[in-house]
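Enquirer: Spelled out from the first residue to the last, the chains are:
Protein chains: 2
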Amino acid sequence: MPYDIDETHDPELESWVESANDRETDFPIQNLPFFIAQIPGYDQVLATRIGDRVVNIAKVAAHYFGDSPALQDLVGPTSVALYDLCAFMTEQRRELRQRLIALLRSDAAPFEEVDEDYKFMYQVDEVTPVGWDIGDYTDFYASVHHATNVGSMFRPDNPLLPNYKHVPIGYHGRASSVVASGMEVRRPVGQQAPGDGETQPTFGPCKLLDYEMELGFIVGRGNELGEPIDINDAEDHLLGMCILNDWSARDLQKWEYQPLGPFLAKSFASTISPYIVTMEALAPFRCAPERAAGDPEPLPYLQSEYNRSHGAIDIQCEVFLASAKMREQGLDPIKLSRGNFRHMYWTVAQMLTHHASNGCNMQPGDLLGSGTISGTTRDSRGSLLELTWDGDPFAEPPVVVPGTSRTPLKLPTGEERKFLADGDEVIMKAFCQRDGYRRIGFGECRGIVTPAH
Amino acid sequence: MPYDIDETHDPELESWVESANDRETDFPIQNLPFFIAQIPGYDQVLATRIGDRVVNIAKVAAHYFGDSPALQDLVGPTSVALYDLCAFMTEQRRELRQRLIALLRSDAAPFEEVDEDYKFMYQVDEVTPVGWDIGDYTDFYASVHHATNVGSMFRPDNPLLPNYKHVPIGYHGRASSVVASGMEVRRPVGQQAPGDGETQPTFGPCKLLDYEMELGFIVGRGNELGEPIDINDAEDHLLGMCILNDWSARDLQKWEYQPLGPFLAKSFASTISPYIVTMEALAPFRCAPERAAGDPEPLPYLQSEYNRSHGAIDIQCEVFLASAKMREQGLDPIKLSRGNFRHMYWTVAQMLTHHASNGCNMQPGDLLGSGTISGTTRDSRGSLLELTWDGDPFAEPPVVVPGTSRTPLKLPTGEERKFLADGDEVIMKAFCQRDGYRRIGFGECRGIVTPAH
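Going down the list, the sequences are from chains P and Z. Here my numbering is used: the first residue of the first sequence is 1, the next is one more, and so on. Here my numbering is used: the first residue of the second sequence is 1, the next is one more, and so on.
Keep in mind that a hint or two might mislead.
The list treats identical chains as interchangeable, and a pair is accepted whether it falls inside one copy or across any two copies.
[Claimed, not checked] Computed list of lysine to aspartate or glutamate pairs in EDC-like fashion (alpha-carbon distance at most 20 angstroms, straight line):
#1 Lys165 to Asp196
#2 Lys207 to Glu227
#3 Lys207 to Glu112
#4 Lys165 to Glu198
#5 Lys325 to Asp107
#6 Lys59 to Asp295
#7 Lys207 to Asp422
#8 Lys335 to Asp233
#9 Lys325 to Glu112
#10 Lys59 to Glu126
If you are wondering where the hints come from, they were derived from the structure by calculation, not from laboratory data.
Just chain P, same shape as in the assembly (with noise of 0.2 angstroms):
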């Protein structure tokens, strides 16, 4: 299974690829996730990242790969997909892994050094990372520490729904507007509640615009529909996962989710990452699912032996801000929070299970959300909606105020922030580290913000 731990997570194995042996890089040898890279003068290729250095598979592949009946699909063509690599068995992914270590590990000769003329190799720089074609984009709603902050601001009395701790909520999200990271984001225009005393509703700029620090999982083989995906295949499923920044206008989003849930709150724009780390280099960083006493038994459906004792994935989530003035005055941007995935009440292979669990059909490259990942504690929270409210539903005693009262974030500018401004840059980064293993990254997630139309 993708989990399982093996000899290419050995940290001891290096790389010719020397910026990949630095302690501090996302991408060591270890870690080799996908990605599309736009090549200057060719077309999108499937890639891998090592260090500070691009690998275009296709090429690999056919001079390397001949001689595997695994990777015989990856052999043939000059160019490979996303979705030839969906469609990967396990055990094909595996071998995959195996022989790009083989090929990169110090120990192996350099690319350079087998033929000078033929190109497996670029320099980060020389590439654009870009993003893949999302069929269907799902966002979850999996930390129950965010689901109860939020609840705590429009319901005090009763901030958890009684469903939240046995459906795995999620709604249908806009897969058109998912962008790369990079892209500006314009700040949406629409609709806001009648202010005091009105009856009517304004039309203008969003002035409550948020940042939600999630992460993606990428479906990768499908189910046909009507056959749901057994938990103990779930992960199975999955491709990797990526950064996921689910943009949010509070106050358009205020206004309209009732009954149907959020819609143009979200759909401007939901930013990913570029690099897809695969649930394989997740593995050491596995671990259980945080139960509190009292807390139920998943329905069957939802439960494995695997999953519940190591289901969850620790993930370190940080987001930073930049001003535009920041940046004028070259300011490094500020840590506004740090987060962990494995505080997620439900994990992917749960989201995943549950979603097909009706028979609705996932498909290769699909995007699933897991909802912004919060913690109990106030430099843990992954919004803005929550870093500046003052209440705290975990404190002892709690603290839970109505959602108005907000002491704003000070900038070393000495601007403030309740929301985001126009120029604001968001950078989101996850990684996770473990004694004993190598530090595996995502990379950057990036967006600013640019004025409404």
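Position chain Z relative to chain P; hints supplied.
Expert: Relative to chain P, chain Z alone:
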């Protein structure tokens, strides 16, 4: 604009395809809907239907449209995709319509006389209509009568939420599970709320399976991310309309929908009819949207002169049911309801403009659903949730009871239905009829319920 009436709507126009001249046909020469036809031994082709015949548009274009600058995009390739048509501007769509009518009208030479070996046309039963690749699917909630019925079941004192008459409420749907008419629909499995006195929900086959009679509208030209669509341009971005059955699992929906809206209750299947009836063909059936005394003015971005006078469309919508036993006994389907799309609170232009108002990018082929089409009378209710419910918020005095009191439908076999049973076939029809114009029909949208997995 696509809603102008011109000589192509002349009811006296007849075709050399005799079956198109039947006054009862859905497909006279004035209709010419687009669809994707699977022709045995060929690829899927873009086609139109007239009477009981199907016309291969690429073949006709290559042979007849070489002199038309507007239609050059159709002339070169051996097959033409729906997306080629989506890119057309209004003038190109009008020219295609005029040219097809000129070829098919009774004073033109039938195709057979031009070239016997060149296959322009098929019998309708020689081809299989298939769906197209839908990028994103959005479902609206545009019938105030449906919203009032449903709201009355759960909130008798306050059926309609404060945002309803300002916001065209909608939510993102699941595109992957949109299926073509005729495909079986498997009863979904899912979580249902804990019973009285219980604390754990149950997981099993849906007990309250329902249909929703909707119309879908299909995006032609898209818009760039960040660029809204002005309401005066909205219809120019629509290719046409089809029938949509938004199958719904009411027990799953009730338990899962708070706070983020319907999810698995909808995503197991949505069925569309194959023919895309063009906005041009629907032009004679435009009418003013209905407003009651005291209804608020829409916000300016949702207003246009044309929309006020002609934004609605008079389309009759009928739902029929045949149980397995009825089919075994050779009994005709029974009509469950007849509604009309003209009673919707929001128009197609308002829904599309609202959807793009935050900058969300619409893409060619995207499907937008209207929401259940219900009127104020019991026989116009577009779902079983409403049809078997004993309440009637539009009666004098209103009969607004909670959602538990239901009178089952009686079938001619003696069977009864509050919701759908396995083996039930739901058949939806839609058509326009108005004095002085030919009937324009949508054909049928069919689906049989098969037992849960």
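Enquirer: Hint by hint, say whether it matches the structure.
Expert: Now the hints, each set against the structure:
1. Lys165 to Asp196: Between. Shortest inter-copy distance 18 angstroms satisfies the 20 angstroms Cα cut-off; intra-copy 36 angstroms does not.
2. Lys207 to Glu227: Classified as between; 19 angstroms across copies, 44 angstroms inside a copy.
3. Lys207 to Glu112: neither (53 angstroms within a copy, 64 angstroms between copies)
4. Lys165 to Glu198: between (38 angstroms within a copy, 15 angstroms between copies)
5. Lys325 to Asp107: Neither way: lysine 325 and aspartate 107 sit 48 angstroms apart in one copy and 72 angstroms across, limit 20 angstroms.
6. Lys59 to Asp295: Neither. Shortest intra-copy (51 angstroms) and inter-copy (64 angstroms) distances fail the 20 angstroms Cα cut-off.
7. Lys207 to Asp422: Result: close within a single copy only, 10 angstroms intra versus 50 angstroms inter.
8. Lys335 to Asp233: neither (38 angstroms within a copy, 44 angstroms between copies)
9. Lys325 to Glu112: Neither. Shortest intra-copy (44 angstroms) and inter-copy (73 angstroms) distances fail the 20 angstroms Cα cut-off.
10. Lys59 to Glu126: within (17 angstroms within a copy, 45 angstroms between copies)
Hints 3, 5, 6, 8, 9, counting from the list given before, are not met by this structure.
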